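Here is what each chain is made of, one letter per residue.
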Amino acid sequence: MKDPCSRWAARITRWLDGELPGGEEAALKEHLTSCRDCRRRVKEQERLRARWSDLATLDSTPEDRAAVMAAAAEDARRDRIRRWLVPGAWGSWVTAAAMLGVVILGFQAWRAYRASSLPAAWVASTPVLSYVEWTARERGDAPPPEAHVELPVPF
Amino acid sequence: MAAFGILVDRHHARALNVAYRLLGDAESARDVAQESFLRLLKAARRYEARGRFTTYLYTIVRNLTREIHRRRGRHPETPLTAEVSGSAVAGRTPDLPDDRREQEDRRRRVWNAIQGLPEDQRAAFVLSELEGLSYADIARVCKCPEGTVASRKHKAIVALRRQLAREEIGS
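Line by line, the protein sequences are chains X and Y.
Residue numbering for the first sequence is 1 to 155, as defined by our numbering.
Residue numbering for the second sequence is 1 to 171, as defined by our numbering.
For the record, the hints were derived by calculation from the structure and aren't laboratory data.
Don't take every hint at face value.
[Stated by the list, open to error] Which residues of chain Y face chain X? A few of them, derived with a C-beta cut under 8 Å, are:
no.	residue
1	5
2	148
3	150
Keep in mind the model is a prediction, meaning the values are calculated, not measured.
Note that the Cβ used here is the ideal one computed from N, Cα and C, for glycine as well.
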């Protein structure tokens with residue numbers, strides 16, 4: 001058989017928790033004045049709640065707290081290393097320098113490649129002295145700098 | 001780090017005990033309490049003081065205990081009855097006087113009944129009844145509406161009443 005007061009049961013729990021809104025509280029109190037079963041429910045819940053009032057607790061020992069602090073210090077140390085390995089603000093400058101280096105090396109390689117197939121004068125007209133150019137001069141294959149001919153760089 | 005040390009001194013016992021009541025065993029509770037503070041420290045820069053600090057701490061503890069429950073794939077193992085009284089005595093305590101032993105048995109029954117609740121009901125029960133949080137704070141910790149908290153808490157009370165009544169009849 002369905003309990004006619006079942007809708008009040010949940011409200012009793014909320015009321016005992018101090019969580020029942022004002023309007024509902026007044027209605028519940030009014031109901032309690034006329035309902036013996038619900039008054040019994042209230043008493044029963046109060047008795048029940050007293051049963052877990054003395055449940056065991058764990059002690060937080062100084063060793064426990066020291067262990068937390070030690071673990072936190074170890075974490076912080078690992079974080080510092082991680083931050084150093086994975087650069088933050090200065091990382092963009094390093095990246096830019098690395099990219100510039102790649103561009104210069106690429107340009108030099110390109111010049112070396114071209115030097116193998118173009119007249120020495122062409123190579124001499126470009127601003128950076130490459131290893132190939134230098135060796136060509138050493139061998140006497142390239143014209144001296146003061147005698148070089150202005151030719152357009154082909155790019 | 002000094003400020004963090006103060007936080008640990010002030011709130012470690014709280015984190016430890018709520019983890020203990022949600023998990024049912026002391027060893028895991030100590031691990032969870034420690035991990036909670038480490039996560040707290042990592043998230044310190046992102047922390048916004050919108051609610052109470054303890055609510056934030058409870059949220060971390062609860063998330064960690066849920067992870068453990070998920071890993072276990074079921075409700076936590078049978079709680080360690082030896083720890084129920086806070087003493088290192090295994091099972092029944094024959095050396096104690098009868099009234100003390102009866103009290104210990106009562107505590108153990110209550111503890112086991114709480115540990116037998118489904119995880120979400122146990123969280124609502126522990127946070128409300130044993131930690132004294134409001135429904136609004138529990139709703140924040142459990143990320144659910146207040147009405148759901150009220151419903152879980154009531155179901156937990158009903159289940160505990162039935163379970164304890166059954167055990168008393170049985171004993």
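Status of the hints after comparison with the structure:
no., hint, verdict
1, 5, "holds, 6 Å"
2, 148, "violated, 12 Å"
3, 150, "holds, 5 Å"
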